[in-house]
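Enquirer: Residue numbers (the numbering used here): 1 to 172.
Derived from the structure by calculation, the hints contain no laboratory data.
Misleading hints may appear alongside valid ones.
Unchecked claim - EDC-like mimics (lysine to aspartate or glutamate), calculated; alpha carbons at most 20 Å apart, straight line: (1) Lys56 with Glu43; (2) Lys56 with Asp100; (3) Lys17 with Asp79; (4) Lys143 with Glu18; (5) Lys17 with Asp142.
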Amino acid sequence: SMFLSPNLMELGPLLIKEVYQVNIGNSALGMAISAIISIFMLESAGRWMQRSGPFKVWYAAQVIYLIVGTLFWLTAGNDVQAFVPIALLVLLMQAMSWNDRIIPSIAGRLSPNSPALTQGLLMLCMAGGFGVGAMLAGLSIDKFGYASVFTLSLIGIIIALLCIGLLTLSTQ
Numbered sequence: 001s002m003f004l005s006p007n008l009m010e011l012g013p014l015l016i017k018e019v020y021q022v023n024i025g026n027s028a029l030g031m032a033i034s035a036i037i038s039i040f041m042l043e044s045a046g047r048w049m050q051r052s053g054p055f056k057v058w059y060a061a062q063v064i065y066l067i068v069g070t071l072f073w074l075t076a077g078n079d080v081q082a083f084v085p086i087a088l089l090v091l092l093m094q095a096m097s098w099n100d101r102i103i104p105s106i107a108g109r110l111s112p113n114s115p116a117l118t119q120g121l122l123m124l125c126m127a128g129g130f131g132v133g134a135m136l137a138g139l140s141i142d143k144f145g146y147a148s149v150f151t152l153s154l155i156g157i158i159i160a161l162l163c164i165g166l167l168t169l170s171t172q
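Modelling step: build the complete structure from the supplied sequences, incorporating the hints.
Expert: This is the structure:
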């Protein structure tokens with residue numbers, strides 16, 4: 001999911017402007033509001049993680065990625081109210097903030113390596129995922145247009161969820 005879902009957020013205001021014809025200032029305002037919401041959502045996610053462990057919160061974030069990715073894909077190119085793509089971006093940002101805070105805990109639990117090496121490898125994988133994802137998004141935009149990022153991201157999210165499912169089944 002690190003390859004493609006972050007592109008929905010990193011490119012979010014530009015995608016919303018180009019695909020939905022929403023003023024980029026409105027997207028920026030939505031992102032600012034999302035930052036305030038994140039303060040409260042991260043606290044609640046922390047409490048949930050404390051009660052249930054990190055995996056349930058992480059699964060929830062992945063499902064939100066899937067829902068948001070699907071809704072972006074379904075609404076791309078359609079005439080929707082301006083608040084719809086902005087609300088989807090805000091929701092995606094909440095799921096991403098949960099994901100970013102939880103994956104170090106999951107990596108620490110699953111890795112046989114030291115905490116320092118585990119954190120370093122995790123950051124390497126995340127940075128590589130962002131870099132490859134940004135490159136794929138750029139290539140996709142150049143070849144197929146801005147809306148293609150939604151298709152690319154949705155495919156990436158589905159592949160990630162399938163891998164999660166297969167890994168979960170193989171460990172049981």
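Enquirer: It remains to establish, for every hint, whether it holds in the given structure.
Expert: Tested hints:
Restraint check for Lys56 and Glu43: satisfied, since their Cα atoms lie roughly 15 Å apart, inside the 20 Å limit. Restraint check: the Cα-Cα separation between Lys56 and Asp100 comes to about 14 Å, which is no more than 20 Å; the hinted pair holds. The hinted pair formed by Lys17 and Asp79 meets the criterion: a straight-line CA distance of about 13 Å does not exceed 20 Å. For the hint pairing Lys143 with Glu18, the CA-to-CA distance comes to about 15 Å; that is within 20 Å, so the pair holds.
As the CA atoms of Lys17 and Asp142 are separated by approximately 16 Å, the hinted pair is consistent with the 20 Å bound.
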